[in-house]
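**Q** Got two chains here, separate frames each, mind docking them using the hints?
Protein chains in written order, with my numbering: chain A, 68 to 285; chain B, 26 to 344.
Everything labelled a hint here was simulated from the structure, so no lab data went into it.
A few of these clues could be false.
[Said to hold, decoys possible] Below are the DSSO-like pairs computed for lysine-lysine, each with C-alpha atoms no more than 30 Å apart in a straight line:
hint: 1; chain 1: B; residue 1: K235; chain 2: A; residue 2: K132
hint: 2; chain 1: A; residue 1: K120; chain 2: B; residue 2: K75
hint: 3; chain 1: B; residue 1: K90; chain 2: A; residue 2: K120
hint: 4; chain 1: A; residue 1: K120; chain 2: B; residue 2: K55
hint: 5; chain 1: B; residue 1: K158; chain 2: A; residue 2: K130
hint: 6; chain 1: B; residue 1: K158; chain 2: A; residue 2: K120
hint: 7; chain 1: A; residue 1: K120; chain 2: B; residue 2: K313
hint: 8; chain 1: B; residue 1: K150; chain 2: A; residue 2: K131
hint: 9; chain 1: A; residue 1: K132; chain 2: B; residue 2: K84
hint: 10; chain 1: B; residue 1: K74; chain 2: A; residue 2: K155
hint: 11; chain 1: B; residue 1: K75; chain 2: B; residue 2: K158
hint: 12; chain 1: A; residue 1: K130; chain 2: B; residue 2: K55
hint: 13; chain 1: A; residue 1: K283; chain 2: A; residue 2: K72
hint: 14; chain 1: A; residue 1: K72; chain 2: B; residue 2: K158
hint: 15; chain 1: B; residue 1: K55; chain 2: A; residue 2: K72
hint: 16; chain 1: A; residue 1: K132; chain 2: B; residue 2: K159
[To be verified] Going by beta-carbon spacing under 7 Å, a handful of chain B positions derived as facing chain A:
hint: 17; residue: T65
hint: 18; residue: S67
hint: 19; residue: Y68
Note that CB positions come from ideal geometry on N, CA and C, so glycine has one too.
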Amino acid sequence: MIEIKNVSKIYDGNIVALQDINLRFKEGELIILKGVSGSGKSTILSLIAGLSKPTLGEITVDKKKISKLPDHFAASYRRDNIGIVFQKYNLIPTLSVTENVLLPLFPLNLPRELMKEKSSNVLQKFSIEHKANVIVKNLSGGEQQRVAIARANINDPKIILADEPTANLDEKLSLEFIEILRELKSKKRTIIIATHDPLFFDLDIVDRTVSIEHGKLL
Amino acid sequence: MFLTPEIITLTVLNFLFVIFATIAFVNALKIVLYYNADATTSYQYALEKKSYLSATIIKFIFYVKIPLFIFFVYTLDSLSNLLPGAMCAAGVVSATSYGTPLLFLKILNLYIFAFWIVLNDEDMKYEGQPYLKKKFLLFCVAYFLLIAEIVLESVMFGAMDINSVVDCCGAIFSTTSQTYLSEILATSPTVLLGLFYGVFLLMIVSYIFKNRYIYSFLNILFVLISLITLIAFFGTYIYEQPTHHCPFCLLQSDYNYIGYFLYIVLFVGTFFGFTLGIIEFDDQELQKRFHISLLYNSLYVAVVSYYPLLYYVKNGVWL
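Next comes chain B alone, as it looks inside the complex (with noise of 0.2 Å):
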């Protein structure tokens, strides 16, 4: 194990949030087992004020937890100068078991988290407080994988050996490795490209229709189909290498950090879109959110087509 002033930030903040997020779920399952909006009860008027305390402190987590988000994955990509044999976070992450299910842990709850504060602000909106028991139940799910999060990634860090040489993401991500991955990226790009630009048109079609159960649906498809085409084609022109699929290496400087933007813009769009199949909000909430998902979800297509299609331009042939 080896401490860096990045580690110990996020060591620090993860006790934090061990703290307050346990007051959170001490409170939350109280109110999911005694609350009861009818009651005037000394005890019920305590639930009360106890859950505005919760919402508050679970909302505090959460705004902390998207930069921090952030921060995490340039600590990956900063520990990669000190792991022999990473060339960026992609081999931090694979140089321990634990490195791949803690990043998809953490998407996880990123998506969960929002959803939450989705609820609250909607369960917020009317007197009788509709979704109070289902978000504090929500919280106490995202609680323990909040903290089976903070252990992996405690267990992880605890667990780099600095004197171990790690695969760099060439290694990872190559279509001649022995993985699902490998296979996934061996997959013609035409049938990728298909579905990613199928899966878009019909998110505009049921856009067009107002159907939310089916456009929140393909926001699910499309956040895994981006991924995918983002490390199996888009990728390759964004570095302008037919044999680099790193998801990471597009955080770094050398690509303008454009990884930054296409995973916040992936993130926003389809969060919005996932949520209207999910919430109940009335005619303007649920417009504004259909636009916001479509504008960001347009944004990424945009961005990601533009550049095979600039070294097109270019160049004159495809990779």
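Isolated chain A (complex conformation) (with noise of 0.2 Å):
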């Protein structure tokens, strides 16, 4: 269970990201954080992530108090718990689609042999194979982003975050990722997603929608 407890965060001592923000999520729920650019969607995601710290409140994903992790920690955390897909992918343009998806394996030592299984199990699963060896800034956006869910769950992770998902891809390509996330689901992974995409409003794998104006909570 993750729970965001009085949680406020405040950039550069006074752009106020988040503000005073309660929030619980369930194992395995999808959960859709809704709200415009620069509503504090985004720091969310980045704090259960532990990609930064609050400046007041605290993070907890199963009783672990993520926001009180030192860096390296927080680093190993992440690693074994949460995959994200970012809005712009952040994959490496001159590396093959295999190295990329390996990325998250690389500092666990692992024997070539099982990393190899491992890529192409998971290259499989989001039906991008085929690419294995194609260098990613050769493919189309909707091929990058399967690449980026790909890595996302190379370490398959009980959490999933993604931000703003969808805003690079037409619709046909949109509704192939919910039909991935729909796949997620099914394996009772936590799944957050912070979009203004209307797409996702109504869809039936949702079980709650959080919206979010100028930092708060509506």
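**A** Here it is as structure tokens:
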């Protein structure tokens, strides 16, 4: 369970991104964080991922105080528990699809064969195995997103965070992404999506929609 | 007072140390007084960020101080060319009343900062950072010692007079001078060597039985007895002169800079041994530190023992 307790986040001393936020996400839930650009959705994702710390308040994941973790422990926690799909995918354009997907595994020093097996499985799962050796910058937007999702899932994380995942996709590709979400949800993954794409708002797989405006919950 | 490029370099670096160490000290003081790991206030989060900044500054100071200590000794050695009467760094150290305390303070600070780094590394291994307050409290003490060292160093360089004749090492480390050192130097070599090899033997026994507290204590004794025997006995075989007891001439090219090797090996061996009794390492780390300490201490014993043995084999007599 993810719990956000009395969290505020202020950047540079005066830019208030979040103000006294209280939220709870149950295991296996699919939640939409809805709001316009600058409302604070991405900040919530970044706090849950341990990418940044709150100015005030506390974030716990399965009773572990994420907001209190020293930086290198936050990195391990993120690697083991969180899969992140960024709006601009954050892939390394000069590496191949396989190399990008394997990136989260490199610090684990796993045997070569096991890494190969894991990458092959995840690429197959997200239907991108035929592009395994292609350099990422030569892929289309939809394919790049599949690589980003595959990378986010290579460690089999229990929490998946997606920040505006369909912002750069046409409707067909967006629907494909929703199918992927459906599959992940069936595997009891907790999924939190920050978006203002109306396509998500009435989906049957969505458990809850949380609206944010000017850093406050509505 | 006179300025050489080496003194200017040391002075500029000392100035930077004062600035950075003061920033770290102010943060360390706040952490010691107000840090509360359970709090989720903005002040606590700010302190957590400051703890990383301060730890980085302190690490930076230590990592620069290690080579700087060697550079300091080199500077003392090079200044001996400018002070009439001085033959090596010993003459420069004794040129003012600040030299000897400064040297001891520098060695003490080196051990304290090295200990701080070990404490910091251990602290960062655990999510709860169990040594956080202790390490910053230690730094608060170390800060004053560091400032004292820097002040003493500046005063020493300032007090040096190029026109005054100073003693050479032959006079300072003489068995006939009226000092505590001369009394130590006059002690029977059998007694000193008995203590030296005896402590080393006990160290091996405590290593075998893995008694970290006794091993740690023996390392403190070992560093003291090693320095005494180096000056009183082993040094004379390195110089191949029965009356030459200087611990600084070992650092010169005439003796293949063997002093740098001996002092570094002794520092590493005893430091790793000393920390065993103070910090609760996990089993793997404990074993590793036992091995490193005994390896370096054994290397030191082997190298210093080699010189008298070689002399005896070559000449058939002891000095």
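**Q** Quick one: which hint numbers does this structure break? Sort them smallest to largest.
**A** 1, 3, 7 and 19
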